[in-house]
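Student: Mind docking these for me? Both chains are given alone in their own frames, and the hints should help you get the complex.
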Amino acid sequence: MAVVERRPTPRLGRLERPALTGVLVREIVNYSSYWKSSTFSSTVEPTIYLLAFGFGFGSIVSTIGGYDYVEFVGTGTVATAVLFSSAFPAMFGTFVKYQFQRTYDAILAAPVDTEELVTAEALWMATRAGVYGCVPMLVAIVFGLDPSWGMLTVPLIAWIAGFGWACFGIAVAGYSKSFENFNYVVSAVLTPLFLLAGSFFPLDNFPEWAQVLANVNPLHHCVELVRHAVFGFEGWEDLARVGAIAVFGLVLWRIAIRGMTQKLID
Amino acid sequence: MERELAIRLRGVVKRYGEITAVDGLDLDVPAGTCVGLLGPNGAGKSTTMRMLTAQSIADEGELQLLGYTLPDESKQARTELGVAPQLDNLDTTLTVEQNLLVFAHLYRIGRSERRDAIERAIAMAKLDDRRDTRVDKLSGGMRRRLLIARALVHRPRLVLLDEPTVGLDPQVRQELWALIDALRSEGTTILMSTHYIEEAERLCDTVLIMSHGTAVAAGPPAQLVREHAGAEALEVYGPPARLAEVEAEAQAAGLRTRRTGTSVSVLAVDGNGFHLDGERRPANLEDVFVLLTGEEIG
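Protein sequences appear in the order of chains W and P.
Under my numbering, read the first sequence as residues 1 to 266, first letter to last.
Under my numbering, read the second sequence as residues 1 to 298, first letter to last.
Okay, chain P solo, but in the shape it has when bound (with noise of 0.2 Å):
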């Protein structure tokens, strides 16, 4: 069966004075998957993520969110939508259990399933034993799980998150991870912004890859790989005038090439008949990524 839209964009542009932080954006997020719309900063991530919330007002384009038109009912949708901003703005003088109580008000939880509103919430971050902790005195990925469990309070149908693990370390990062696969196989739909490919890959059914404010590609992280980056790229390895001789033969070759620090990646070398010593690896979204916008994602 089709699945049905919890939000559809179609051809939005937001623009900034002279900037176009948004160029045309279609984007369609089918209810129950994870979409992750990646890109480098300042390719439109944050700006769309705001006019889904109507704190930014789109210039032109149709915007629908669980049905409802943006941003005249936006209010409404609000109802329904949680959201996890990519700065934190927690309460920092609060503890845990007084930032959800103020979030399950400001989501109108009546009264007789609040306190088990922010059980659940409070059990969804692990931070049971941090309830009455304040906010300043927690770890960086405490605060950004209870940033994403306060965004969960109201049991929302659709949760944006807006980098969620920008700036932890990788073992927290994996943490949230965790916790957002478990959301998703909820059957919550979720729109994700990231600039990280691995989480995209991880999470994500479907990725669109943003470019200046558009959306490059779409569609699920394996079949973006296989269309646009083929199999396998070639990874030479070498001091810096070896790597821009490497450069100089793939485009002799016709071929893309990427610098990832002390190496240099041929994108899609797979049956061309391209040699050089290095290794062969499985392409991934980031040759995707280079090969559709030239540009680096990181």
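Isolated chain W (complex conformation) (with noise of 0.2 Å):
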């Protein structure tokens, strides 16, 4: 018997925005009813730490780097914000999505690519991320933090960041065969990484190679670019940081999907 001829549509390529746009559609629909609580946790985690390292530091110190403590932490704490919107619901929410709710399977036996998939997956947080990583840094104004032009472009520093810390998320997720394995990955790369990110003290006084490693450190280059963007840019430094974030996303962009890839195609 002859084989059913196939209809003379245009081979589909690569990275379409209609897959694109079908999983974004779905990551929001799914976020109108979840918005409330998601928003309450972004907003109310970085005033309380600004308040508890404000009062509790802000007694001891009041100024560090000439900057008010509240303009330190409160500037640093965005790509904490960043980092917790990003990196820990992707790890998460990628694995219960493929593992639990099985969402990727009915995702992929529609016309989406693995690549698309996850791209998409990864636009939708870094959108998050670009919009609550602002938060700390609107609850530092109420606290005192002056209003600059640079401002705007921290929803850009914190998407970009966003980006690269959904797809690191991702990419665990992709290459973890359990649960468990999370545990390992934020206690010995996350809680380090966040705490040599300059978000709540000066790197100065650590040891000199503390510094240099803190050179590799995506978040440090995210919490500078953005205590620069509010204070004063200071040239080609924050666009070599730029370059670093975005090449990080770049890097964890492939990983993300080759990792996946693995996961979801045998």
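No farther apart than 35 Å at their CA atoms in a straight line, the calculated lysine-lysine pairs in the DSBU-like style are these:
#1 W:Lys263 with W:Lys36
#2 P:Lys137 with W:Lys36
#3 P:Lys137 with W:Lys177
#4 W:Lys36 with P:Lys126
#5 W:Lys263 with P:Lys137
#6 W:Lys177 with W:Lys36
Keep in mind that the hints were calculated from the coordinates and are not lab data.
Tutor: Have a look at this one:
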């Protein structure tokens, strides 16, 4: 018997807009069912950090590196908020959607490839990080941080960093055999990077090797970029930092796609 | 007129390490027909389904679906394919309508047709009064109807149904059969996997009996029964000791038997003079399955 003739449709390419849109629509519709809790936690958390560190350390050290402590922490925790709204949901959300809800099976049965799925998920989380990342800064404004024009670039910085960390989280979920493995990543990778970012204290007093190491910490570049955006950019240095977090994002993007492909396609 | 093939598999092999899940499978699904993959768990049905969406990549063999070659042109093929998986993967915190909306986007239905497509799917699933209900508040039968309707939202030419009624009670199963039958009468090509004999007999034009990753027989259900199991089987009831005797006697007469709980079925008894007290009943697909594979299906 002859085979049904294929429709004369143009060959579909990679990273197509309709596929990305489809996955994003799913996330947006889902978001409409949980935006309250997620907005609550991403607003309340940085507020608590600011209050605790501000009143705690702020009473001992009034200024750090020429900044008021509230200004220092308020800008520093933008990177923390980015991390918490991208890497963590990416790790846990991806695993849940893969393992328990089997959402990705449903999506990949539609005309969507793993590359598009991963990209759209990362774009979505980057956008959330771009918005939620600004919250600590807004809270800090309430506590006395002076608004500046440079702040308008913070959502973009948070977006770029958020894309990288989302891809990091997806890659971890892709290569992890079980949920328990996340503990290793959180303890051995994320916590040190989080502390070696300069969010809560400057890294000037760290041993030199730690300061060198901080330069390969994307979170540190994010912290510095946000501070410079708020208090004044430093030209080439900041461009190099943007380059660093962009490269981090691109590399992790490909690793995430690879990790999820071997997980989802057998 | 000969029908064209919506699905054509030749010599398909899929291995997972030491295990060969699909072992040289040939499969033809003529356009406009309903074909059933019948076999026990582990026969390779689900792996076959996954290969048709390119979520599994075959190690060997040719796969063609709607004229597209898999896995290279799978994405195009999937625009015209609907899939209802065995395990429910609806978004449980979303409403019926939201689930369909998401898939209307994933299947690239244009803005102007989206509303109609969603309404049609809601009507098909008979969930009109539940459109705003969250999925986790639906009954098992409703969820399954939605799962199938979701696969049909873009009017696919070909639909894959993986164990569409598994785990449902008999009444709900019949509702789903009606839904699938309606789909078939509209001319949609269906490939379904099942391990319910009755389901295959009722819905499928052709059945492919699978065992250990390969097809052991294929044909219309009635023809398979006639060819392999004859017209009748003899069903003998009794205590376990009696059943063991019956099995021994039948085997001595060169006949095959199978245990069905409280009875023994002596298969293909017509015309060979074997006689025991028992009920004669028409042979069925399950008998064929046991005869061909030596396994129970259930």
